[in-house]
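Asker: Chains as they are written, first to last, in this note's numbering: chain A, 1 to 348; chain B, 1001 to 1348; chain C, 2001 to 2638; chain D, 3001 to 3638.
None of these hints come from the bench; they were simulated from the model. Honestly, I wouldn't trust all of these hints.
[To be verified] Calculated from the model, a selection of chain C residues having no Cβ within reach of chain A, i.e. all distances over 12 Å:
#1 G2154
#2 S2251
#3 S2604
[Stated by the list, open to error] Among chain C residues calculated to face chain A with C-beta under 10 Å, some are:
#4 I2324
#5 G2488
#6 I2499
Given the structure is predicted, the values throughout are model-derived calculations rather than measurements. Beta carbons: idealized from backbone N, C-alpha and C, even for Gly.
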Amino acid sequence: MNLSEEKKSLHIPAAVPTTNKKDFESDQDVRWCPGCGDYSILSQTQRILPELGIPKEQLVFISGIGCSSRFPYYMNTYGFHTIHGRAPAIAAGVKATNPELSVWVITGDGDALSIGGNHFLHMLRRNLDINVLLFNNRIYGLTKGQYSPTSEVGKVTTSSPFGSLDRPLNPVEIALSAGATFVARSLDRDTKHLQSIIKAAHEHKGTSFIEVYQNCNIYNNGAFFTYTEKATKADNTVVLEHGEQLVFGAKRDKGIRLNGFQPEVVYIDDTSDTDLIVHDQFADDPTLAYFLSRMTDVPEHPLPIGIFRSVQCPCYEDMLTDQVQRARQSNGDGNLEKLLNSGETWVV
Amino acid sequence: MNLSEEKKSLHIPAAVPTTNKKDFESDQDVRWCPGCGDYSILSQTQRILPELGIPKEQLVFISGIGCSSRFPYYMNTYGFHTIHGRAPAIAAGVKATNPELSVWVITGDGDALSIGGNHFLHMLRRNLDINVLLFNNRIYGLTKGQYSPTSEVGKVTTSSPFGSLDRPLNPVEIALSAGATFVARSLDRDTKHLQSIIKAAHEHKGTSFIEVYQNCNIYNNGAFFTYTEKATKADNTVVLEHGEQLVFGAKRDKGIRLNGFQPEVVYIDDTSDTDLIVHDQFADDPTLAYFLSRMTDVPEHPLPIGIFRSVQCPCYEDMLTDQVQRARQSNGDGNLEKLLNSGETWVV
Amino acid sequence: MNVCVKRKISVSIKVFGAFYEEGKELMKKQRQTIGDATILFAGDSGDGAQTVGAQLTHTSAIAGNDVSTLPDYPAEIRAPAGSLAGVSGFQLHFSSKEIHTPGDLSDVLVAFNPAALKISLSRLKPNGILILNLDNFGQRNLKLAGYNEDPLEGEIRNKYQVFPVELTRLTRDALVETNLSNKEKELCKNFFALGLVFWLYNRPMDYTLKWIESKFASKPKFIEANILALKGGYAYAEATEQIAVSYEVESAKFSRGTYRNVTGNLGTALGLIAAAQQADLQLVYGSYPITPASDILHELARYKNFGVKTLQMEDEIAAVCAAIGAAFSGALAATGTSGPGFALKGEAIGLAVMTELPLVVLNIQRAGPSTGMPTKTEQTDLLQALYGRNGESPIPVLAASRPSDCFDTVYEAAKIALKYMTPVVFLSDGYVANGAEPWLIPAVSDLPTISADFATDPDRFLPYQRDPETGRRPWAVPGTVGLEHRIGGLEKSDLTGDISYDPENHEKMSYLRAQKVANIANEIPRTDVFGSDSGDLLVIGWGGTYGALRTAVSNQRNAGASVSHLHLRFLNPLPNDLSSIIQNFERVMIAELNLGQLNKIVRSEYLVDTIAYNKIQGQPFQVTEVETKIEEVLTVEN
Amino acid sequence: MNVCVKRKISVSIKVFGAFYEEGKELMKKQRQTIGDATILFAGDSGDGAQTVGAQLTHTSAIAGNDVSTLPDYPAEIRAPAGSLAGVSGFQLHFSSKEIHTPGDLSDVLVAFNPAALKISLSRLKPNGILILNLDNFGQRNLKLAGYNEDPLEGEIRNKYQVFPVELTRLTRDALVETNLSNKEKELCKNFFALGLVFWLYNRPMDYTLKWIESKFASKPKFIEANILALKGGYAYAEATEQIAVSYEVESAKFSRGTYRNVTGNLGTALGLIAAAQQADLQLVYGSYPITPASDILHELARYKNFGVKTLQMEDEIAAVCAAIGAAFSGALAATGTSGPGFALKGEAIGLAVMTELPLVVLNIQRAGPSTGMPTKTEQTDLLQALYGRNGESPIPVLAASRPSDCFDTVYEAAKIALKYMTPVVFLSDGYVANGAEPWLIPAVSDLPTISADFATDPDRFLPYQRDPETGRRPWAVPGTVGLEHRIGGLEKSDLTGDISYDPENHEKMSYLRAQKVANIANEIPRTDVFGSDSGDLLVIGWGGTYGALRTAVSNQRNAGASVSHLHLRFLNPLPNDLSSIIQNFERVMIAELNLGQLNKIVRSEYLVDTIAYNKIQGQPFQVTEVETKIEEVLTVEN
Ligand SMILES: Cc1ncc(C[n+]2csc(CCOP(=O)(O)OP(=O)(O)O)c2C)c(N)n1
Ligand SMILES: Cc1ncc(C[n+]2csc(CCOP(=O)(O)OP(=O)(O)O)c2C)c(N)n1
Ligand code: SF4
Ligand code: SF4
Ligand SMILES: [Mg+2]
Ligand SMILES: [Mg+2]
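Hey, can you work out the whole structure from these sequences and the hints?
Answerer: Structure, rendered in structure tokens:
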């Protein structure tokens, strides 16, 4: 009797069969530009999924429109390539209907923060247990390279030949302001980090938001190379780890200290005392997270990557289910005959 | 020769004729429920306008849909009662077309943060020189009392008989995250304060955002009484004044101190030393403003009213005008004949 | 000056009580039996016209009359007391025969203040009964209503039977022994007025007495007070010399069964719940409040014990998208709104067309364009429902014809959505939504079967393989083992559902989508023509004009005219037999509350030179105006 | 195996140069004069088919031919090299006569790889010239294209004149003396191919030589390289025995004047700028990128020195709203998008209808429904343009018929918007937008006058008082002393513009708004019928089908058929004379790239039993298929 037969005979429910990356690859040709950062994000997702142990029929990937939003076609799971900006609302409908599903929203900087900005805010405040990956390439890729809401001021593109005028939005900051319960940032080119963040997002109960810096090698090549490439990465990023001091640098010789409400970079050596900021991703108050989010694209400060915030808060769908159950308890299971005959009736 | 005749004869341009409140009142009957907080906000606006010295033909009030959005009808200025949630976008078109105009957006919590949330964000990040008054009554007034994006969790309304599930948005926090350059809060019932904030908003160059707590005595009566009524106001609000310590209380015996990233209320007496937070509305970094914004509806903390943030930053319409001028300088004034005949042409 | 009127009548409630209880003996006044009556209560929003209107409706319905109502709320914002903008009206028509409209003009107008008089007088029949609250006819109120002179001094007394009543004072007097404040006492004056009307139409008070008891259970002092006011009004009517005649409206002949009053919005909500229950599905309703659709959200939100999930979303786009997500996940999904909100949903409805998901979209029409007149009724969204999306995106469209028809129509819409895997538009309008009438409650066992046919078999599963009969694609919901697949808004390959830019495939899919909707015509029962199957004139209508058209045609037929009435529930596809029916008539008139939308479709479809009869005033048709039009058309014809 | 082909031709550029320079002497090959030619370049996105297509277009236009082009981009995302999804095509038709289409089938197909061959071969005429880059026909590429066997081994050689050319190697060889890397050299192979085609059609190289110089000014090494490749290709064609015949297409007879090539989107952008300049207004364009409309935004963004302000907004709703704000403030306001974005703008367009503000709304249609096939063309938004809003909200709709017509049509749309104070929809489509053809540049002094008539006089100013002739209301912009007033989406009182819920007023205003749009029919010049004014068949079209319909009808007339062609620019209102024209024909056929949208309107309007001729494949009509249809109809007819 082999193990699985034994299990059956003992009536132990069969564990979810172990899966591998291939199981999550659909039969569709992947159609991004060669070299696009989207490939890596897809791969990291497919690589980490087997570890999460979710049966693939329980997985739903929902996207809007954009290069990034092609993602669901490449996943051998349920998928919905919806319309521009609306994936969060569709995902809310999916999750509210069936809270058992593992729901993932795939979006771009234009999809989530331009046309979809409002749904993005409201998704976060509702805190359904959904995981959101925002592929931020700071450009509209699919429509051939116009500036996006995360593009830097002065960006010269087809639609802004004299430079764009709109100040960029910071996705992490916006997410925090909407009350997001899990907010993180990772990089297309840091495969291990990205995998670990995806995993943490999945494990978080509530809406988990991940901003992924993604290279669009066609329309915005190298936008993040300072943060992703070997030569510059260590000195220009700081990896947030809960309970750890904010230390960074190729030689890990720099740290971040609080100066009033301002961050200050200080050099450290083994002997120096450590009034460095200690990261607390579980802090109830988001002020620290805000403070860290502001260290984005400030030349003197390293870019934080990792989990800014991760707090527990009831999920919309759980409260909804709870209301349904309580209503059933107090009013009894819905009886259609009774309902139709409620109110003032008379017989003829 | 009286003074004004003298001015004329000296060819000094006649100053804007002084106006009074009546000049800004239109001939339309004001149609809010008796007792509605909207009346006061209208009055304070009409009272302070004469002080601002803007000729009334230069004034444009633009609103969406909601009780509050009826406002423009009552102003004897140019006015546009648009569609639900879209006033910010229409205002952007107005201001970009004619930067000379003094443009005011009037909106409600539903109008600005529900259907209009995205336009609200993008208006703020563009930083056109527009003044925005958000009448926050934490309810949908016009449609008869459903919960709004600023309603507290668990609110029982017609559309949420078992209590609402969505966590509220904090308008001040959202505005800060969108990069708003002027962010303030005032109260319908604090007439002087409201007037002073409206004036400051006008004087600020860039998008000025004011959240006004407004009582809807029909559907959400008393939502803000703790902050507006004599008995409780002093102990439950702290008035932000630039350069001043955060001191409050009927006896002005309480202050706010920083504890890590958390606010802490401390009792003070004349002799105690003062490590209280000093308000800096001009701080470049918004962390302090965020920190203050978080003191909203926290039972132990007073509610900040006043100006959270006020920083200088180029306005969209100025940069646009500048691009137009520079284009004219470098390419010459547009010549239609030349334009049509540009590119490769041939003669038959 | 009419002395009889201004003479102060001082009566104590004790006396009234005695009058009432011994009423049968004392009744010496004339009593007249009539076929039907129309009553209009009008006053400030605070006057309680809606409340007593509803009481009279229920009472009449329970007394066996057919009833039809028309509430008329003031424009959105609560206007100052006494102003024209603040007038709220409630019109009720009850009858001993089957009726279809709340009546054109009313027999009785109860005007609580001058503004109400000003607004509503034109809706009172010549020589009708006009009851006024004299206490409100002071200078201030007259001015607010725009009267320069006291209207009671003028022509009015020649044209109507005017009964000015000191409603406020009399109510206070009737309540003198309660320990309510004066203000509180005055709140009860609507029940005093109701008492008057009850006497006038010889209505039993039991229903209202019970209602008052349960309504004010938590404020017992108001139970007593309102009962005193009601009985006081009744007794006053009996006592005063002003009112000489009372009327009797006998029971109507109804089909046997249990009845209740239902508004269109309530019927719509119940129909959705019933469909979900019968199909054994969750009902998920995504919505964003908007007049006059909000009440459906409010109603549905109450039924969590039926597993109904209402999602109040951030806007109409999110609302329809949440519903699409729910449809994808296996719920009976619906979204509801009114015209401007429907305009916003167009793009997403297109997604539901492309992904072929079942979805019911409610559009409770109001007067447009743009914000228009939100509280007024209109039928101007038919073409929007048909064409308000990019690309060729065919959608079935059904319209409810009256409050009691909403249940069946929305139930049918849901059935079609599930059977054909398609979004379906359900049209109602402000008039139907807020109007009320008796509804014969169906037995659950009599409801048509609805089923949700989920795909479960992974063997040769193809997401876009169609059922040969209906043209539906399979409904394979997330969570089903082995059916993992991807859908989206890009054109799909036939069978596989993979993205396809192939020209022939696109053409094929376009026709398949069109054919699927066309197939629904097979669902439509034989079209019912009221009147003869052929003749001089066929009046075609749809939606909320049913009552006025049916009554007008019926009246005209009784008067000998060769006219019939056909009312469409299905606007897309049109019934298969419509073409042949039309051919049997000399002329076809299409009557709509718009500038001729169905008219365009019928002309294009059947190449028939129709007469377009349109009204676009934010108001329903009146029976008399329809009759006049029919006469006019038939005269020209002959 | 064809030995002649696989024989390696080794030539050095020196030799080529000699050949070329002494070309005139050496030209011994046959030369044939033909009327027109159609060339299709197809390859991977990176192969530069679009670039050389454009070069051949300009060269032919300057040489005096009439030209028409059809670029065909791959679906949105850049697919892997060599894949079917990544194929990009550019088709050019040039002629010695006036032409209207880029040609159905091509005389020459240049296929840069097997995928391009697979996708495009069906568009090559029987016995047409097929030039292949043999170097790309390795196993890997064949497999990517889905060929199991080498297609060159099969039937193909019997059906076409196949010229496999080692384009890559020959280009490398031609560039051997440059110091480019191999990869860089290969980039020039499209110019080698162009050289081949230049020789084939005896085209002058001057234009392209100049273009290369200016284009690569900053990368001089590519100037030399591309010139060498171009001349190399030319010389190779001359030298090789493969190609025996070259062709001559003589100049076409054009109206006198200055010409340039214009795409539809460029013409649209220029038309808007011209209208604003002539009206002495700022042009404010609110937009959100979307295929195929984005290029208009890109183009307009370049003209800040004309005071053009482009506002890239956060979505389509914000884009139209910004434009409405601009219109309110006195700019010539426009907003542009494609179908799905247009669906989102419906509610706001309704606001512009109610507030009667001048606004041009561009909808560059693409294949739907939903996201559909974004890069493909279609005419499926006509009904959406007419009816995609709540309420009765009439709007004029104009459609451009070809790239060179966009300028005039959008100019007229702007003129109407300003003259009538109304939003106007301008329809174009992917085919018109991306296609290019010669455009006779108008003299600015010949442009119709446009004026912005601002109200300035406070005396008796009423915001909704209408001009008796046009029905327009005054345009009173903020900043004007004494004209302070309020507008909005609620129904307006006639004259004053105050909010009004009055039933009669609403009806009046509804008719006034409808009448204003109907009045625009007075602007429409006499409708031009191509062919006879009466006959057996009238083909009616609109928008981008102009060329195919005109050519087909012209061909059929030449063949003796009694058929005429009428092409509508105005879809709403329709021209006054359309009714009488239609009556002069036995049959009317309405040809559209949809399932019959104009057809519905014409049937409803004129009660004529039209023939609907529809194609919905994301592709334009082909002349031959239209001809076949005409023949079929006329046969049935007789
Ligand atoms: C309603 C609508 N408007 C516009 C578009 C065109 N559009 C498609 S994707 C996109 C932006 C894509 O940018 P982003 O979200 O950053 O995705 P990326 O392509 O960069 O991954 C736009 C404007 C559309 N498809 N639908
Ligand atoms: C497109 C659209 N959707 C919905 C509505 C209905 N509606 C009008 S105002 C409003 C919300 C009003 O709330 P808020 O903005 O807070 O204003 P308040 O009335 O409280 O001042 C809603 C849902 C509408 N007019 N248009
Ligand atoms: S355009 Fe940019 S984002 Fe889109 S697939 Fe190509 S590289 Fe990636
Ligand atoms: S409903 Fe509320 S917000 Fe609206 S007017 Fe009345 S009191 Fe004011
Ligand atoms: Mg992007
Ligand atoms: Mg509100």
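Asker: Now tell me if each hint is right for this structure.
Answerer: The hints, checked one at a time:
Annotated as non-interface, G2154 (chain C) keeps its C-beta farther than 12 Å from every C-beta of chain A; the closest such distance is 42 Å. Taking the minimum C-beta to C-beta distance to chain A, about 8 Å, the non-interface status of S2251 (chain C) is violated against the 12 Å cut. Its beta-carbon lying about 30 Å from the closest one in chain A, S2604 (chain C) satisfies the requirement of being farther than 12 Å from that chain. With a least beta-carbon distance of about 6 Å to chain A, the hint placing I2324 (chain C) at the interface is held under the 10 Å criterion.
At its closest, the beta carbon of G2488 (chain C) sits 3 Å from a beta carbon of chain A; the interface hint therefore holds under the 10 Å criterion. The restraint placing I2499 (chain C) at the interface with chain A holds, with a minimum CB-CB distance near 7 Å, inside the 10 Å limit.
Hint violations for this structure: number 2 only, all remaining hints satisfied.
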